[in-house]
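*Asks:* Sequential numbering from 14 applies to the sequence shown in this note's numbering.
Keep in mind the hints are simulated off the structure, nothing from the lab. Check the hints yourself; a few may be wrong.
DSSO-like, lysine-lysine: derived pairs with alpha carbons at most 27 Å apart [unchecked claim]:
#	residue 1	residue 2
1	K58	K130
2	K87	K24
3	K140	K68
Pairwise CB distance ranges (calculated) [stated by the list, open to error]:
#	residue 1	residue 2	range
4	I21	D156	18 to 28 Å
5	K58	R128	19 to 29 Å
6	H45	D156	40 to 50 Å
7	F44	S155	37 to 47 Å
8	H45	Q157	31 to 41 Å
9	F44	A163	40 to 50 Å
10	K68	A117	16 to 26 Å
11	R145	K68	30 to 40 Å
12	Y50	T106	22 to 32 Å
13	Y50	N108	22 to 32 Å
No residue lacks a Cβ here, since even glycine has one placed at the ideal position from N, Cα and C.
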Amino acid sequence: MLILKPQIFKKFPEISFGFSTKARGKKNDLFHFNMSYGVGDKKEKVDENRSWFFKQLGLNSKLVSYQKQVHEDKISVVENNENCGESDALITTRNNLGLAISTADCPAIFIYDRRQKITCGVHSGWKGTSKRILEKAVLKLSDQFNSNPADLYCYIS
């Protein structure tokens with residue numbers, strides 16, 4: 014698996030960020046480095062793949078928060094490695110808590126507030142985009158956490 018680590022966040026050593034890819038996978042192995050439980054792969058293999066991926070990013074796979082992405086505009090605030098239920102964006106103020114955003118053909122957006130040390134991951138499919146999920150995430154950062162948009166660094170996959 015090839016892991017993409019965009020350079021925009023390199024100047025912030027306090028965060029770890031990357032995207033998994035299928036690149037360098039086994040050509041005929043449908044589940045090579047699969048990280049989804051919903052496609053017929055074995056749970057143990059998915060757990061192993063997730064653990065390896067997060068280890069490459071310097072994260073403990075047990076300290077990652079997940080959501081069931083539903084192509085809406087719901088935003089969850091998380092402070093532990095919980096399953097957040099249905100939402101398409103995760104926000105945390107906690108250090109060392111990973112935010113997992115799954116994508117296929119939908120963009121993922123990562124937002125980092127350099128002053129408040131807040132991270133936000135957004136799954137922005139066409140439905141969420143049409144419902145302005147990114148705008149709502151930035152407004153939530155501003156309204157609930159006093160983030161200044163000028164302090165936000167963003168990456169869109």
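*Asks:* Given a hinted range of 18 to 28 Å, is it respected by the beta-carbon distance of I21 and D156?
*Replies:* holds, 25 Å
*Asks:* Take the C-beta atom of H45 and the C-beta atom of D156, compute their distance, and say whether it sits inside 40 to 50 Å.
*Replies:* holds, 42 Å
*Asks:* Given the hinted pair K58 and K130, is their alpha-carbon gap at most 27 Å?
*Replies:* Violated: K58 and K130 sit about 33 Å apart, past 27 Å.
*Asks:* Would you check the hint for K140 and K68, treating anything up to 27 Å between C-alpha atoms as holding?
*Replies:* violated, 32 Å
*Asks:* Between R145 and K68, does the beta-carbon spacing fit 30 to 40 Å?
*Replies:* Once the Cβ atoms are compared, 35 Å apart, the range 30 to 40 Å for K68 and R145 holds.
*Asks:* Given the hint of 37 to 47 Å, check if F44 and S155 actually sit that far apart at their C-beta atoms.
*Replies:* holds, 41 Å
*Asks:* Quick one, are K87 and K24 close enough, alpha carbons at most 27 Å?
*Replies:* violated, 30 Å
*Asks:* Can you let me know if the beta-carbon spacing of Y50 and T106 is within 22 to 32 Å?
*Replies:* This hint holds: roughly 28 Å between Cβ atoms.
*Asks:* State, for the Cβ atoms of H45 and Q157, whether the hinted interval 31 to 41 Å holds or is violated.
*Replies:* holds, 40 Å
*Asks:* That 16 to 26 Å hint for K68 and A117 (C-beta), does it hold up?
*Replies:* holds, 23 Å
*Asks:* Please test the hint of 40 to 50 Å on the beta carbon pair from F44 and A163.
*Replies:* Given a distance of about 43 Å, which is inside 40 to 50 Å, the answer is holds.
*Asks:* Assuming the hint says 19 to 29 Å, is it satisfied by the Cβ distance from K58 to R128 or not?
*Replies:* violated, 40 Å
This entry does not satisfy hints 1, 2, 3 and 5, going by the numbered hints stated previously.
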